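Novice: Sequence:
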Amino acid sequence: MRKDSKIILSIILGGLLIITILILAISILTDGSISLNINQNGDTVAIIPLHGEITYGSLGIIGGSVITPEIIKKAITKVETDNNICSILLDVNSPGGSPVASEEIMDMIKESKKPVVVWISDVGASGAYLAASSADKIVASPSSMVGSIGVIMELTDLSQYYQMNGVHKYSIKAGQYKDMGAEYRSLTHDENKMLQELVDQDYNHFITIVSNNRHLNKNYTSSIAEGKIYTGIQAKELKLVDDIGGKNHALDIAAKLGGIKGSYNIITI
2 MRKDSKIILS IILGGLLIIT ILILAISILT DGSISLNINQ NGDTVAIIPL HGEITYGSLG
62 IIGGSVITPE IIKKAITKVE TDNNICSILL DVNSPGGSPV ASEEIMDMIK ESKKPVVVWI
122 SDVGASGAYL AASSADKIVA SPSSMVGSIG VIMELTDLSQ YYQMNGVHKY SIKAGQYKDM
182 GAEYRSLTHD ENKMLQELVD QDYNHFITIV SNNRHLNKNY TSSIAEGKIY TGIQAKELKL
242 VDDIGGKNHA LDIAAKLGGI KGSYNIITI
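For the sequence shown, the positions run 2 to 270 when our numbering is used.
Hints in this document: simulated from the structure, not taken from any laboratory.
Remember, it's a predicted structure, so these values are computed and weren't measured experimentally.
Backbone N, C-alpha and C fix where the C-beta goes; we use that ideal spot for every residue, glycine too.
Mixed in with the good hints, there may be bad ones.
Claimed, not checked - Between beta-carbon pairs, the in silico distance windows are:
| hint | residue 1 | residue 2 | range |
| --- | --- | --- | --- |
| 1 | S66 | G247 | 19 to 27 Å |
| 2 | N266 | S187 | 55 to 63 Å |
| 3 | D191 | N218 | 30 to 38 Å |
From just these sequences and the hints, can you work out the full model?
Specialist: Given below as structure tokens:
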């Protein structure tokens, strides 16, 4: 090989080495680690499904899906540790369920480090709406069922049935109210009043939470609550949701809130 060719080759190899060193240095300075990912800002929206009854476990649930605080916690934790994900779309189709579990999920949504947009497909009611109310934005399908802001306690009185069939069921108890709500007897006036006070207190708490999360006057929220169900269109008019649209529209909003410009990727957690 000629001497001048060797010199040119050395210059080229040296230049490539310098460029490689510069790229590695920039990567370390901007990200704190060496990364082969071209888009350091992230370009992905994560979909987290919230489908089925909200509970603490599947015990007693037959033939239906359930969602628990632990499932949502794992999903949000995974999202928050992935730098490629910029925002979350919570895909809601749930009639609600456990008030305590619903409130736990609500807190997780509120405390998420990344923007959360809720999309209500068919149903977002009761505890599911409670959880959704803390999101940055709520989008509902036009014909979806939204709301049901209320509290219910279900009891069964089979005392007359037992009497008609010659069944004598009773209990041995310590504490006047220990068998309150038992199906073999009716509630007394005092017991009915006591349980109604508990339900009213939870109802007031529900309304307070929704009012705070949605920035609504509490008296206004009370006037549109009462356990009523609204379509997505009605819910927007009543300020229970922010926008009307399908899943793609909700994804676009989530991407925008996440700072993504242009096209974006989607991943389901």
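Novice: Each of the hints needs a verdict: does it hold here or not?
Specialist: Verification of the hints:
no.	hint	result
1	S66 x G247: 19 to 27 Å	holds (22 Å)
2	N266 x S187: 55 to 63 Å	holds (59 Å)
3	D191 x N218: 30 to 38 Å	holds (35 Å)
Hint check: no violations occur; every hint is consistent with the structure.
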